[in-house]
Amino acid sequence: MIERSDSNYSPLSSAALHILLALAREDLHGYGIMQEIARQSEGIYKPGPGTLYDNLRKLIQDGWIQELGSRRGDNDPRRRYYRLTEAGRDILRAETARLTQVVREARSRLRMPSPRRT
Amino acid sequence: MLRHLYCCAVRLHPSSFRRRFGDEMLYVFDQQKGAPAALGLMLDCVVSLFRQWALRPHSGIELSVAPPPTSAADHIPLFETLDSFRPRASALINGAVLSLILFCMTVIAIRYSWVHVLNLHIREIGTDWDQQALAQVRPSRSVWLQFDPYVGEYISKSPPVKILIRIDDDHLSLVFAGHPSLALSPLSPKRFIIDGIASNYVDFTSDGLGRICCLSLLINDKGITAQR
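As you go down the protein sequences, you meet chains A and B in turn.
When you read off a place in the first sequence, starting at 1, and then add 20, the result is the number in the numbering used here.
When you read off a place in the second sequence, starting at 1, and then add 203, the result is the number in the numbering used here.
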């Protein structure tokens, strides 16, 4: 788990958060990540390839995402797959906890009822 | 047509980014259907182009771990750089060509300049004036002038007197009847003060061809105008 005191940790950008979240379930290629992000945000947020790959490169450099290369038997050899690393998963957990705290605080201040668990 | 433009825009990205993600960007473009989506990707690519060149200036440099420093043998100091950055060959060539052009232009400007200069060191003026007045009239220490055009005899009709301007050592001198040689210090190409006294000066006047033809001398509150 990433500690808040870690100087390297800072709130993630919207694009980085969505990319990590998209890769949390399975390995995806770039276009697949874009589709998954659009699905997660219900079509509200659609990063373009320039934004996506700029963030992917940074996340790879940080060691939060691993590039797997192309898969055998794939339809198009240009597709390269990406995987969330353990460090990336820890970052995603830490960010989720932070956002949960933010949402809880916001609900408290706005006097909104907590969502019911189904 | 739009795909061709998109290819060009992808190729304009920094080489490291293009090598790594260029094919995938094209793949994403090929998956889009319809002109609006393609236009959106085109716009995104242009923004990305700006981002990669302007905001990611070191994106073309692959980070690498610096090799461990080798131990100094026989107490000889070793110097190493930590990064392996080297400018592109084309940038070096451009820089060399521009430097050469600039150097040649400077040499030509010096060689064919119409102002032939002489570095003249003006001696310090020591007077009893107050500092403000001194600051107004103090000549600069170095004045670039050519003295030859000023040298000659100047004749005044009223009063009838002959004034001689000549070069003594590194300065102009003024000689006229009853006075010893007086040193002239230039305030400007047209005005020289006499013996460091601001109220005494000589104004030179040029004719239409730029030749010095006349001087006006003001010394001890007396004015004399003389023709060459």
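These are computed hints drawn from the structure, not numbers from a lab.
One or more of the hints may lead you astray.
Said to hold, decoys possible - The list that follows gives simulated cross-link-like pairs (lysine-lysine, BS3-like), each with its CA atoms no further than 30 Å apart:
1) A:Lys66 x B:Lys360
2) B:Lys425 x B:Lys360
3) A:Lys66 x A:Lys78
4) B:Lys360 x B:Lys393
5) A:Lys78 x B:Lys236
6) B:Lys393 x B:Lys425
Computed from a prediction, not measured in an experiment: that's the story for all the values here.
Hints, verified against the model:
1. Proposed proximity of Lys66 (chain A) and Lys360 (chain B) is contradicted: the alpha carbons are some 96 Å apart, above 30 Å.
2. For the given pair, Lys425 (chain B) sits about 15 Å from Lys360 (chain B) by alpha-carbon distance, which is consistent with the 30 Å threshold.
3. Straight-line distance between C-alpha atoms of Lys66 (chain A) and Lys78 (chain A) comes to about 19 Å, which keeps the hinted pair within the 30 Å bound.
4. Between Lys360 (chain B) and Lys393 (chain B) the CA atoms are separated by roughly 22 Å; this keeps the pair inside 30 Å, and the hint holds.
5. Distance hint between Lys78 (chain A) and Lys236 (chain B) is fulfilled; the C-alpha atoms sit about 29 Å from each other, no more than 30 Å.
6. A C-alpha spacing of about 19 Å is found between Lys393 (chain B) and Lys425 (chain B), which places the hinted pair at or below 30 Å, so the restraint holds.
The structure shown violates just one earlier hint, number 1.
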